[in-house]
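In case you want the letters, here they are:
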Amino acid sequence: MATLTQKSKMKESKAKRVSGSEALILSLLEEGVDTIFGYPGGAIMPVYDSLYHYQDKIKHYLVRHEQGAAHAAQGYARVTGQVGVCFATSGPGATNLITGIADAQIDSTPIVCVTGQVVAHLLGTDAFQESDVLSISMPVTKWSFQVTKSEEIPYAIARAFYIAKSGRPGPVLIDITKNAQSGELDFSYEKCEKIRSYHPYPPIDSRKIEEAAELINKAKKPYLLVGHGVLLSGAQEEVKQLAEKAGIPVASTLLGLSAFPTDHPLNVGYLGMHGNYGPNVKTNECDVLVAVGMRFDDRVTGDSSKYAKQAKVIHIEIDHAEIDKIIKTNVAINADAKQALQELIKSVNSNTHNSWVQEFRDCDKIEFEKVIKKDLYPEGEQIKMGEVVRLVNEVADGEAVLVTDVGQHQMIASRYYKFKYPNTNITSGGLGTMGFALPAAMGAKVGEKNRQVIAVIGDGGFQMTIQELGTIFQYKIPVKIIVLNNNFLGMVRQWQQLFFERRYSFTEMTNPDFIKIAEGYHITAKRITDRSGLKDAIGEMYAFDGPYLLEVKVETEENVFPMVPSGDSVTNIRLS
Amino acid sequence: MADIYQDDIGNEIEKQFTLSVLTEDLPGLLNSVTIIFTRRKLNIDMINVSASEVPGVSRYTIVCTTTRSQVEKVIKQIRKHVDVLGAFVYEEHETHYQEIALYKVPTDIFFEGMKVENIVRANNARILVIEKDYIVIEKTGHKEETQKLLETLQPFGVLEFVRSGRVSISKSKRKTESFIEELENSKTHSLNTNGKLEYGKN
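In order, the protein sequences belong to chains A and B.
Position 49 of the first sequence, counted from 1, bears residue number 49 in the numbering used here, the numbering being contiguous throughout.
Position 45 of the second sequence, counted from 1, bears residue number 45 in the numbering used here, the numbering being contiguous throughout.
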């Protein structure tokens, strides 16, 4: 007890009397924050006033819509591995964040969102710009907390950062009433390192490691699936070691694409609805399936009752709630991917499975003849999305961060972009949020100044957050934007063609002149309608010093194949 | 293989499960717990929240009817919430539980012979309050018992009836306090890599 009192006295003597809003800024500085994306408003004005005095330490980017702030924070978090931070005011400011928060939740992205709230005594009275954002955010946050007293601010922020980034990361929302911002407190800060009810790092069960190793060692056709969890735990090197030691072919989920280099001899490709042919059909032929840091999304499994039934399933996953959720496991290793893999590598035998890997390569040949050749080297008049990505690969050579929106262009870019480094693939996977790419690319570029950031976006998604061109212009954020324009909501149109007898119900778009819009924001822009100018235009965009918009008019009714029809088995993947 | 959670043709059988959840005592947490059911369109049959024997810790008893596989997913998602200390699923025979029921009846039905009084005695119920116009009867037991009393009293005219949510206690010998102590002292709050504690990359 004595030591406790002494400790608190010591703290008191060090404590500085500050306003709640200044305490918020100081707390963020303690957590190493130097970048914030946000939008001010009535209920968060004290915070912005404090921020004004700390502009030398924190760079704030004024977005054009709060959804953009959340996505920018996501893009920032995904490239840097650090917590992204965004600010918004109460009411509409807070509700506008929700899409980004939901996206961060389903794609395990660590962000901390701070919202202003009406003064505490007006809570629940339908005050001006009051929304019950705490309740609204509950199902889509890892944790949310309302601060009504200034003294709670350091505690709330410390917990927010610990929760957002530990274990399976996710979004945290801190709602601060205006009186808590303007009130005063004795500021002292202590990082949160433990919450008794929260256990983000389950211990490794060595028996499970042995069981998994035994299955792998006996396997004739082992198959390794890697997801976002590999990147989140920084286990890409361990994945490589395991695959190489045991000779296991590796396939990746959409969010796991940059966890394993595209050109690695054991990389067999991309899983799921529009993934590669081999990785999908071989799922139902392997004898041991090792899934690491992935959650068997329905876009990966298709009909889960017909998924890998013949295989023994090993699931390495940090989130206990994901284990046995969709696919029943034989061996569940509930642990951090990096730690688990480090142990597993020790216990697996050196092995090769050349003829099994060759089976994937044979599938690749079929896919190349039936799909890839036509996508990458088309002979028709119209430009195909695939050839644009092929030309991007020629200039980027895996060095750039690829940010994609949602739809056909996303699937094509994910299929054909050549990834070399971890965390160079930023996309909205679980939620499928159109409008994600432009603000996320902005955040990614702010976080990763040493790499080019290329946003590939469709004409539909581009118009959902097009206003962020204003942010890109104001802060001269040098992102390269490629709009693949087919004047359609292409993916929906594809489904209408294949499953709704070509009834194109509200999918055709009459688009504005994107070049003029970009020029209005003083962003250099070019439109390409003809193949002959495409390669040079991509080169010009890539070399340009500053933001650049390249609009490519692509084939209007192109379809993305292969395709596992929704709800069908992965075995029934269609090549045309 | 016989599976007690499946019927003859392999469909999963719905059963009544009792969920016992220990949480920090915080505003809004009840909402966080119940939306996990809402999201799956699962109806909560009964819910009771009260302080546990440990200061600052609440105990929830939630009863719902669903399949085993569904309840297991639900319990994991409840456990995953940052402020939840522990969450457990029990079937009927795995817990001790009770519900309390109150029956408001007109006072004058007691003046028509010994009938109602005998019903109260036979059902191990007790008279809680006697007012000029009404009498409140209290009965503790399982739903079947409190329901039976309701049906017996109904012909005499029941003015109002209320039944509480289930309260349940596990058959485990472990003390809640020592369970929480274990949580406090576990080494699962941070990651230990190469002898260095860390979490995240910041």
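Some clues are possibly wrong.
[Said to hold, decoys possible] Chain B stretches covered by chain A per the calculated footprint, using a threshold of three residues with CB under 8 Å from any CB of chain A: (1) 77-87; (2) 124-131; (3) 184-190.
Since the hints were made in silico from the structure, they are not lab data.
Don't be surprised by glycine CBs; every beta carbon is placed ideally from N, CA and C.
(request) Tell me, in ascending order, the numbers of any earlier hints that this structure violates. (result) The structure breaks only hint 2.
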